[in-house]
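Colleague: Okay, here's what each chain looks like letter by letter:
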Amino acid sequence: MDNMLKITNGQAIARASIPLVPFESFFTSLSTFVKNDGYIVQFFAFTEEDKNFILAVVRNSDLYVISTEVGSIFQSLTGQVSEKFHMFEREVAEQYGLRPDGHPWLKMVRYHPNYTGYPDVFDNDYAEEIPGNYSYFQVKGEAIHEVGVGPVHAGIIEPGHFRFQCAGEEVLHLEIQLGYQHRGIEKMLPTMPMKRMPIICEAIAGDTAIGHNLCLCQAIESLAGMQIEPGASITRCIALELERLANHIGDLGALSGDVAFNPPASYFGRIRGEFLNLLQVLCGNRFGKGLVRPGGVAHIMGEEQRQLLRDKLAEITPEIEHVCDLLFTAHTVLARFEHTGTVSKEMASDLGLVGYAGRACGLAYDARVAFPTECYQDLPANSNKVTDGDVNSRAWVRREEIMHSLQLITMLLAKHEALMEEEKAVQTRPVNLAADSFVVTVNEGWRGEVSHAILTDRQGDVQRYKIKDPSFHNWTGLAMSLRNQGISDFPLCNKSYNLSYCGFDL
Amino acid sequence: MLKVIQNRIEQGCKTSNYPLEPINLYHRYRGLPVIDSECSLDIVQRCADICPQDAIQVEAKTIDLGKCTFCGQCEVEGEGAFARFSEDFGLGAANRGDLITQGTLPDLAAHSKQEFKKLFGRSLQLRQVSAAGCNSCEADTNVLNTPFFDLSRFGIDFVASPRHADGIHVTGPISKNMRQALLDTYDAVPSPKIVIASGCCSISGGPFYGSDEIIGDLNSLIPVDLYIPGCPPHPLTTLHALLKFFKQG
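Line by line, the protein sequences are chains A and B.
For the first sequence, this note's numbering assigns the number 12 to the initial residue and increments by one for each residue that follows.
For the second sequence, this note's numbering assigns the number 25 to the initial residue and increments by one for each residue that follows.
FYI, nobody ran anything at the bench for these hints, they're computed from the structure.
If a hint is listed, it holds; no wrong ones were tucked in.
Distance condition first, Cα-Cα at most 27 Å in a straight line; then the derived BS3-like pairs of lysine-lysine:
#  : chain 1 : residue 1 : chain 2 : residue 2
1  : B       : 38        : A       : 323
2  : A       : 506       : A       : 356
3  : A       : 506       : A       : 396
4  : A       : 396       : B       : 27
5  : B       : 38        : A       : 506
6  : A       : 323       : B       : 27
7  : A       : 435       : A       : 206
8  : B       : 27        : A       : 506
9  : A       : 356       : A       : 46
10 : A       : 323       : A       : 435
If you anchor each label on the Cβ, the simulated ranges turn out as follows:
#  : chain 1 : residue 1 : chain 2 : residue 2 : range
11 : A       : 432       : B       : 146       : 50 to 60 Å
12 : A       : 314       : B       : 48        : 16 to 26 Å
13 : A       : 388       : B       : 34        : 36 to 46 Å
14 : B       : 179       : A       : 150       : 38 to 48 Å
15 : A       : 136       : B       : 169       : 40 to 50 Å
16 : B       : 27        : A       : 361       : 35 to 45 Å
Some chain A residues flagged as far from chain B (calculated, every beta-carbon gap over 10 Å):
#  : residue
17 : 25
18 : 82
19 : 350
20 : 471
21 : 505
For each residue, glycine too, the CB sits at the ideal point set by N, CA and C.
Model the full assembly from the supplied sequences, consistent with the hints where possible.
Modeller: Below is the structure:
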């Protein structure tokens with residue numbers, strides 16, 4: 012760990028200060044780190060003057076950065092050290108044409124030609140139709156059958172492909188193959204003018220518009236040396252918590268619907284909309300699009316908006332408590348939630364699960380507590396009582412987070428009201444970014460750790476933009492939840508995670 | 025059981041009476057823009073410069089609602105002198121060209137095909153296809169099935185199979201990776217069939233215009249019958265468009 016540099020969330024550093032070490036020492040340092048309760052925040056490649064580099068940001072109770080130069084082949088950490096690197100190394104192979112040697116399952120992530128023009132690691136011809144045309148992990152045996160689902164699913168839901176290997180009803184293995192939603196965001200962002208960047212980041216994953224856009228704006232603010240007003244900071248936190256509430260409540264309703272208990276499904280479905288309407292009160296858009304902008308917020312929360320928030324919270328908080336009580340005391344619900352789709356704490360830790368998926372397994376990590384941004388430093392942390400790693404635990408964690416977020420918003424509203432100074436709304440303007448710099452931002456979006464990283468070049472232009480949605484870690488958790496589980500439990504397990512396809516596919 | 029009854033009483037009936045009674049959205053909501061055609065070109069130019077979507081045509085003084093994400097920056101920049109966004113959520117259009125607007129849209133009910141009204145006016149089954157959407161269009165379409173909107177009271181349903189559908193409702197900028205699956209779904213719908221492009225992504229690529237990983241314009245792949253602008257369209261925008269297009273006039 013001696014050769015890693017400790018960094019602070021959202022604080023730009025000079026690129027020259029990022030340790031550049033030989034690959035062997037990069038490999039050993041990261042091995043030791045991840046084996047001692049360390050996790051990966053970012054792990055990505057970039058090129059400069061025809062050389063290839065890999066940069067890693069890792070966390071324990073602090074954030075660290077380390078980088079190395081690699082040739083077109085490098086030794087895989089997934090194969091020898093930890094599954095935590097699995098998807099990251101596949102991404103590096105796909106984006107930059109660099110082969111992680113010894114990777115046990117080197118497949119495409121999103122089917123696109125690499126950025127470098129190197130020979131394709133997967134021998135693909137991208138002029139041909141690739142999605143759907145590739146081999147899956149197969150279990151062989153006379154009684155084994157395969158079930159393929161997607162990309163177009165039976166509902167109003169994003170596309171992805173699930174391939175189950177089953178013996179009767181029992182799932183032996185589930186492989187999740189995404190990539191259908193790939194829009195080339197990381198490739199296009201460095202070429203975009205500043206005015207387009209927040210609009211794009213709000214559409215990385217629309218249900219995490221605030222989470223992702225906050226990561227962008229904090230990164231830009233740090234690179235451009237912008238200060239934001241305390242009022243704007245409070246509004247951002249309120250928006251992030253409203254986003255969390257809307258999604259958690261919607262998911263509890265959907266979980267209830269998936270076990271055929273319809274009253275909470277209807278009530279929570281409607282109550283979720285109330286929170287989206289509150290985001291619309293703040294900024295005119297039900298997903299918070301157009302609110303957070305580099306330098307602050309584009310819409311000031313005034314007394315009128317504060318009062319509307321207070322009134323609505325006072326009205327629906329008891330309703331939420333009652334519907335939660337209805338859901339969590341129904342025997343038929345508990346019989347389906349408990350011991351379904353269990354992931355052990357050890358497995359969760361091996362995979363590096365984040366957010367409620369991790370917390371439901373006993374991994375307490377919450378970026379609001381570990382690396383607080385905006386006003387989270389001054390707000391109380393949440394804790395979880397039910398952490399058995401099953402659907403029930405993931406539902407309970409949501410319930411606890413709902414009550415916690417409601418409490419946070421009440422505190423934030425009081426804080427905002429006490430502010431004396433006049434606030435000013437901001438618009439996106441062209442800014443000068445610090446040259447040759449690096450910044451990483453981490454926020455606890457509703458699904459978990461959202462992180463963006465920016466490398467700027469000598470002119471202060473964005474050279475590399477890296478995005479990580481929590482789903483990038485957690486899809487593997489869903490696959491593990493299905494091991495030795497009845498295939499009919501898939502919808503329930505899937506909803507208990509409710510991961511993002513577009514956040515993963517970028 | 026007692027708890028079910030208690031909750032049922034507490035929740036009451038939340039279904040809106042729309043369209044019999046109008047719904048007024050909160051004034052910060054940004055719907056159909058009101059454009060001042062007398063506005064000086066300097067101001068329009070400034071608005072066009074700040075527009076992230078390049079949706080403003082300066083000389084013509086128009087906004088392309090098929091590109092616009094309704095971020096509202098032009099309203100702030102021009103202090104409302106060029107465009108102000110009203111609370112009017114009726115944004116659907118039958119022709120792409122109509123979305124390039126000086127602030128008015130043709131009456132959708134009068135522009136939709138009469139044969140569609142006859143065929144689907146009393147029962148409309150749609151298959152939703154998310155083609156690289158960010159999930160906000162999908163989420164705000166799903167919301168139509170919640171008790172407040174209760175879409176099925178109009179005889180409109182989203183169904184699981186294209187074979188059961190009268191048409192497709194497409195969201196997202198259509199990634200190259202979803203192109204084939206989208207065309208397969210379209211082919212699987214029995215004719216005559218309807219195609220609805222929902223959200224600025226499926227109309228013009230939305231926030232992702234210019235990316236080489238997307239198609240960006242649904243109409244370039246399959247003929248679109250109904251356009252529903254927004255980022256995402258408000259559930260009422262979708263509801264309004266479906267009712268006008270299939271049921272009224």
